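Chains A and B, in that order, give the protein sequences. Residue numbering for the first sequence follows my numbering, beginning at 1 and increasing consecutively. Residue numbering for the second sequence follows my numbering, beginning at 1 and increasing consecutively.
There's no promise every hint is true.
To be verified - Going by beta-carbon spacing under 7 Å, a handful of chain A positions derived as facing chain B:
| id | residue |
| --- | --- |
| 1 | Glu40 |
| 2 | Phe47 |
| 3 | Glu182 |
| 4 | Arg185 |
| 5 | Glu186 |
| 6 | Val187 |
Said to hold, decoys possible - Computed, partial: chain A to chain B, Cβ under 8 Å:
| id | residue |
| --- | --- |
| 7 | Thr32 |
| 8 | Asp58 |
| 9 | Gly174 |
| 10 | Ala183 |
| 11 | Trp184 |
Keep in mind that the hints were calculated from the coordinates and are not lab data. None of these values were measured; they are calculated from a predicted model. Beta carbons: idealized from backbone N, C-alpha and C, even for Gly.
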Amino acid sequence: MRDDDVRAPGERGAALLVALMAMLLISTAAATIVLTTSSESGIAANFRDSFRVVYAADAAVEWMLVDLMTAADWIAVANGAVQSAFVDGPPSGARAVGGGWFVDLDASVRENAGRHLYAYGRLDALTAGSAGGPCYVLVFVWGDPLNAARLRLRAEAFGPRGARKVVDADVERGAGTAARLEAWREVR
Amino acid sequence: MSRDSGFTVLEMVVAMALTVTVVAAVFTVVGGGPDAFAVQTEVSDMHQRLRVASGTLIHDLMSATAVRPYRSHGPDADPPGTVTSDTLTAIGNAAMTTYWLKRDRAGTYQLMSYAGGGSADVPVVDNIVALAFDYVGDPAPPTIVRPLTDPTGPWTTYGPPPAAGAVPPFAAGENCIFVDDGSGTPAPRLAVLAPPPASLIDLPAALFSDGPWCPDDASADRWDADLLRVRAVVVTVRVQAAAAALRGPTGPLFAHGGTSNAPSRWAPDVEVRVQVAPRNLNAGR
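Using the sequences and the accompanying hints, generate a full structural model.
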């Protein structure tokens with residue numbers, strides 16, 4: 001203690017203690033807000049991605065209505081003898097979705113035994129780089145044993161952070177070569 | 001300077017000004033912290049409730065094959081012709097679910113659901129203070145596009161085609177949306193709501209309670225044929241802060257006022273408006 005220090009010995013360091021406690025309080029509140037906000041951002045991103053892949057799967061179904069208009073023989077499509085022009089290589093291996101996420105085509109084909117992989121690729125390859133976001137879509141087809149003019153589709157869409165949605169649709173050939181949607185349901 | 005010389009007035013004034021400034025800054029930062037903490041946590045919870053409510057409704061609506069603006073089934077079903085802006089039944093291929101807003105005198109506001117049969121009414125999300133369903137649809141009535149004798153359809157622009165033979169109470173070539181006017185082609189019973197080239201229009205609620213009725217006028221579970229026009233449903237959902245201490249006076253920011261008078265402790269209601277086009281209501285087009 002210096003000669004000119006007039007404080008009592010017990011007061012030494014009291015200001016430091018108060019300052020540290022105030023900083024601790026502020027830091028705790030700030031850290032909690034940061035944590036809450038980052039959790040909120042993550043939840044919102046998952047919510048966005050889950051809807052994005054639904055619409056990606058729906059877009060794949062819509063695109064199939066156009067694609068199937070050019071297919072002369074739907075029986076060949078249902079049997080897997082014909083494949084769409086929208087493919088990005090052999091139907092096996094891993095494909096990048098974006099954001100460090102991948103799709104395992106082999107696993108998807110195994111899950112859809114009895115259905116034929118008709119089309120697959122990144123959605124932005126169909127939409128010419130529009131703001132669809134990173135999505136990978138697969139479309140499986142199979143026939144309706146009771147109606148040769150009807151095809152059943154399963155569109156699966158994958159997005160970042162494990163987002164995945166599956167849409168089933170029934171498509172029927174109308175007059176001429178036009179294909180029309182008859183039924184649509186979200187499977188998962 | 002000797003030990004007893006003290007401070008000048010100028011030094012004291014400067015020291016006090018600095019002290020007051022620093023203390024005021026500290027109190028400003030520290031004082032707003034708890035408010036921001038409380039509001040931020042509640043806002044996150046409100047957003048989550050909004051996501052659950054809108055996500056549930058969107059999911060069921062996208063797969064719906066028909067919609068009814070009332071509770072259409074079960075022991076507490078509304079009578080035919082009822083139109084309630086905060087109630088919707090989404091009818092799917094495998095299930096039908098009714099959603100509505102529950103408001104009681106105890107101040108409970110909940111999005112409720114009923115899945116049919118003997119199931120109970122189930123709360124989906126709490127503190128939903130506003131729920132509204134508006135309908136967008138086709139202004140043109142259904143028309144016959146192919147002879148009913150053709151083996152493959154579609155025979156109509158939308159809606160069920162009439163049977164070639166008589167199906168009581170309808171004569172041959174008639175049903176709840178078509179009438180035989182003697183022209184050889186069944187004519188629509190529904191009116192033209194807007195001249196071409198109008199594509200989709202807002203459908204007024206009164207349209208759903210004036211008939212004609214399907215499957216027929218005497219059916220116990222009849223529904224207004226104008227519901228076949230529906231192509232999209234506009235869903236409005238509004239949530240409020242659960243704690244009254246985070247709600248201010250009733251007004252534009254708060255549907256139901258709370259106890260807080262300090263704007264720094266307000267978590268205003270959050271509202272979303274989503275238009276959903278049920279895919280099966282647009283099938284075939």
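We went through each hint and held it up to the structure:
no. : hint   : verdict
1   : Glu40  : holds, 5 Å
2   : Phe47  : holds, 5 Å
3   : Glu182 : holds, 6 Å
4   : Arg185 : holds, 5 Å
5   : Glu186 : holds, 5 Å
6   : Val187 : violated, 10 Å
7   : Thr32  : holds, 6 Å
8   : Asp58  : holds, 7 Å
9   : Gly174 : holds, 7 Å
10  : Ala183 : holds, 6 Å
11  : Trp184 : holds, 4 Å
Checked against the numbered hints given earlier, the structure breaks only hint 6 and satisfies all the rest.
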